[in-house]
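Enquirer: Take the given structure of chain S and dock chain A to it, following the hints.
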Amino acid sequence: MNDPVDVLIIGAGASGAAVAWSLAETKMHILCLEQGGWMNPATYPSTGRDWEARAFGDYSPSPNIRAQPEDYPVNDDNSPIKVVNFNGVGGGTVMYTAHFPRLHPSDFRVRTLDGVADDWPVDYDTLAPFFEENDRMMGVSGLAGDPGVPPRSPPMPPLALGRSGTMLGKAMNRLGWHWWPSDTTVATADYEGRARCINLGHCTPACAQGSKASTDITYWPVARRAGVELRTHCRVREITTNEHGMAAGVVYYDADGVEQFQAAEVVVLACNGVGTPRLLLTSASGRFPNGLANSTGLVGKNLMFHPYAQVYGYVDDETDSNRAPPTCLWSKEFYETDKSRGFVRGYTFQFGRGVGPVAEAVASDAKGLVPWGAGHHAAFRRLNGHRLGLSAICEDLPEEHNRVTLDPALKDSHGIPAPRIDYTIGENTARMMEHGIARAKEILAAAEATEICVNSPILYGGWHLLGTARMGTDPARSVVNEWGRSHDVKNLFIVDGSLFVTSGGVNPTSTIQALALYIADQMKQRLANLFD
Amino acid sequence: MSADSLLTLAQSDDLRAIAGVIIPVSAEFDVPGADDPAIHADMVATLGRDAGLVREALDELARLAGRPLAGLDPARRAAVAMELRATGGAAVATLTRVVLQCYYRDDRVVRSLGLEPRPPYPKGHVLEEGDWSLLDPVRVRSPMWRRP
Chain S
2 MNDPVDVLII
12 GAGASGAAVA
22 WSLAETKMHI
32 LCLEQGGWMN
42 PATYPSTGRD
52 WEARAFGDYS
62 PSPNIRAQPE
72 DYPVNDDNSP
82 IKVVNFNGVG
92 GGTVMYTAHF
102 PRLHPSDFRV
112 RTLDGVADDW
122 PVDYDTLAPF
132 FEENDRMMGV
142 SGLAGDPGVP
152 PRSPPMPPLA
162 LGRSGTMLGK
172 AMNRLGWHWW
182 PSDTTVATAD
192 YEGRARCINL
202 GHCTPACAQG
212 SKASTDITYW
222 PVARRAGVEL
232 RTHCRVREIT
242 TNEHGMAAGV
252 VYYDADGVEQ
262 FQAAEVVVLA
272 CNGVGTPRLL
282 LTSASGRFPN
292 GLANSTGLVG
302 KNLMFHPYAQ
312 VYGYVDDETD
322 SNRAPPTCLW
332 SKEFYETDKS
342 RGFVRGYTFQ
352 FGRGVGPVAE
362 AVASDAKGLV
372 PWGAGHHAAF
382 RRLNGHRLGL
392 SAICEDLPEE
402 HNRVTLDPAL
412 KDSHGIPAPR
422 IDYTIGENTA
432 RMMEHGIARA
442 KEILAAAEAT
452 EICVNSPILY
462 GGWHLLGTAR
472 MGTDPARSVV
482 NEWGRSHDVK
492 NLFIVDGSLF
502 VTSGGVNPTS
512 TIQALALYIA
522 DQMKQRLANL
532 FD
Chain A
35 MSADSLLTLA
45 QSDDLRAIAG
55 VIIPVSAEFD
65 VPGADDPAIH
75 ADMVATLGRD
85 AGLVREALDE
95 LARLAGRPLA
105 GLDPARRAAV
115 AMELRATGGA
125 AVATLTRVVL
135 QCYYRDDRVV
145 RSLGLEPRPP
155 YPKGHVLEEG
165 DWSLLDPVRV
175 RSPMWRRP
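In order, the protein sequences belong to chains S and A. Each residue of the first sequence is one higher than the one before, counting from 2 in the working numbering. Each residue of the second sequence is one higher than the one before, counting from 35 in the working numbering.
So that you can see chain S by itself, here it is in the shape it has in the complex:
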């Protein structure tokens, strides 16, 4: 029998780590259960000669391909975009590009400004101090003075422009369009025990240098020193409730596969936009027959991905290719609504630096750019090290038919039902993607790139899992209130990407963590009457 804890956090990724760290100062007994284990940088792909090949195997972003013991399968057959994630201490921050923009102020007022979707119950100014706090904790590199975003003060200087950034910057200047070095959590200086970036260039599938901020090396060491307990290889099956309709604790499988019960005064869900609704739905009971916190039926609905329209081409000069972090520049030229474009809302352009030889060979073979046979060598040498590309990260509007449910047949290794994804790209988003592709081609033309290729949407591009337990002040139209507490279950909180009312057009990790810190702050301020 496990001793009861005050706060039980499920998931040790971006948001769970931030909440754990923030709540640690209360001196409550805080426990986090994580289905994966601690990461070992000595085994990361960039330490071996098979560094590129492992992206197709044990370091694939797809849990279905990776298929590690800590992963759960996802039935995403009925979606043009496949779910990608990572399970382990650090969660998705172990396997992300470290592109770290924030949602814009307008993203929180979508209904008011553009007449679509809903406004958020919080605004940018409310989150601003938590963005700043998170930037310090994660260690953000960037350049102040960007006219495309509200003022912010990254604690480290930006990544160098490099060859790719210089080519792209020149192209954008020719067009008169906005660009700026991206905010990134890649450390450009030694920072809080992390070594500065040495350009391994293989950031996404985990950073062996420890320069990229993942929460296993940022929030967690501090939180654990402050007394937070983290139990790894513990997979939660369900959240149980008591006769008062409050969360009583969780049933989980420990590292030996033994079923355990952990009682808790407060349960915090931090499993992101697929894992969180999955767990709420597997927690259905006689008291909550449609799943926990689901009296509205909204749990799992309004799934948003950010469809990516990727466009790239090849230039005569060598690019940085794989010899630098993929994070390079962003552009906000098409972010804010301009109805003359034929859609509302907008997108960020995220510029890359290129790819390594194996990635280039595999992609170019699939595109038919390199022949089989004698012509292979010359064709490949023309392409390798010469790629220049960008992606439009398109805002996805919430639609209830885009959803996460429980698959009736597929189960994980513990017999827990797997999530099923039903998703289609909305009309507004599709128009936005076409616009992004056309503008990207203009940018590449300005950079004198040829042999233009398009991947739209990126098939394995479901990095951003949002909206499936949305926040709001109206209990009939939201799952949690304006500070993350379930409308139905007063000691149940959600702190991850599920909360998003709309998606914005940026990578969401910065905003997810700012929201998590904000909710933790609200909990601390309301400790005396947290359940009222």
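Rather than coming from a laboratory, the hints here were simulated on the basis of the structure. This structure is a prediction, so every number in the text was calculated from the model and none was measured. There's no promise every hint is true.
Derived coverage of chain A by chain S (criterion: at least 3 residues anywhere in the stretch with Cβ under 8 Å from a Cβ of chain S; other residues may be distant) [what the hints assert, rightly or not]: (1) 110-117; (2) 124-132; (3) 169-176.
Which residues of chain A face chain S? A partial, calculated answer using Cβ under 7 Å [stated by the list, open to error]: (4) Ile-56; (5) Ser-60; (6) Phe-63; (7) Arg-83; (8) Gln-135; (9) Arg-139; (10) Pro-153; (11) Tyr-155; (12) Gly-158; (13) Leu-161; (14) Glu-163; (15) Pro-182.
In the SDA-like style, the derived pairs of lysine to any residue whose C-alpha atoms are separated by at most 20 Å in a straight line are [what the hints assert, rightly or not]: (16) Lys-442(S) with Asp-317(S); (17) Lys-340(S) with Arg-180(A); (18) Lys-157(A) with Asp-191(S).
From the three backbone atoms N, C-alpha and C, an ideal C-beta is built for every residue, glycine too.
Expert: Below, chain A alone, put in the same frame as chain S:
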């Protein structure tokens, strides 16, 4: 099936033969073909989770060729390879990827591309700083973001 392989001897031979068709030896670029013994050995040794789909592709290859691929004359071998490529699908894509990922990590091939044959860590790379004055026209723009 050999003890140290996930392929039969015939499948292993066909894998080597098709690899040589995909990427033949080149005197011009002074590189081996993908049927080089060391590269072939790398493919076989690291097949792992890809074995099932690669076997599926090799079965299709054997069906198209009707006999060991290496036993066909070069023109017929190339024609069968093109036929296989045209069938597409996950199996052929996986077989091709296995060939490419082993070829483009071979020391001789990597050097021929002007790269160092080593993993990225711990040496890393040097990233040019670039010309920050390029940002000057952007710096003078008015704020673009909307205040609600």
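Enquirer: When the nearest CB of chain S is found for Pro-182(A), is that gap smaller than 7 Å?
Expert: The hint holds - Pro-182(A) has a Cβ within 7 Å of chain S, the shortest such distance being about 4 Å.
Enquirer: Was the hint right that Tyr-155(A) lines chain S, CB cutoff 7 Å?
Expert: 4 Å, holds
Enquirer: Under the criterion that the straight-line Cα-Cα distance not exceed 20 Å, is the pair Lys-442(S), Asp-317(S) satisfied?
Expert: Distance ~17 Å between Lys-442(S) and Asp-317(S) Cα, so the pair holds.
Enquirer: Go through the hint on Gly-158(A) and say holds or violated, using the shortest Cβ distance to chain S against 7 Å.
Expert: This hint holds: Gly-158(A) lies near chain S, its Cβ roughly 3 Å from the closest one there, short of 7 Å.
Enquirer: Should the hint that Glu-163(A) touches chain S count as held when the rule is a Cβ pair under 7 Å?
Expert: Holds, because the Cβ-Cβ distance from Glu-163(A) to chain S comes to roughly 5 Å (cut-off 7 Å).
Enquirer: Does Leu-161(A) pass the interface hint, meaning its C-beta sits closer than 7 Å to a C-beta of chain S?
Expert: 4 Å, holds
Enquirer: Given Arg-83(A) was flagged as interface, is its beta-carbon under 7 Å from a beta-carbon of chain S?
Expert: 6 Å, holds
Enquirer: Do the numbers back the hint for Pro-153(A), that is, is its least Cβ distance to chain S under 7 Å?
Expert: 5 Å, holds
Enquirer: Cut-off 8 Å, C-beta pairs, minimum 3 residues; does the coverage of the stretch 169-176 of chain A by chain S stand?
Expert: holds (count 6)
Enquirer: Should the interface hint for Ile-56(A) be scored as holding, given a Cβ-Cβ cut-off of 7 Å against chain S?
Expert: 5 Å, holds
Enquirer: Do the numbers back the hint for Gln-135(A), that is, is its least Cβ distance to chain S under 7 Å?
Expert: 4 Å, holds
Enquirer: For the stretch 110-117 of chain A, do three or more residues have a beta carbon lying closer than 8 Å to a beta carbon of chain S?
Expert: holds (count 3)
Checked against the numbered hints above, the structure breaks none of them.
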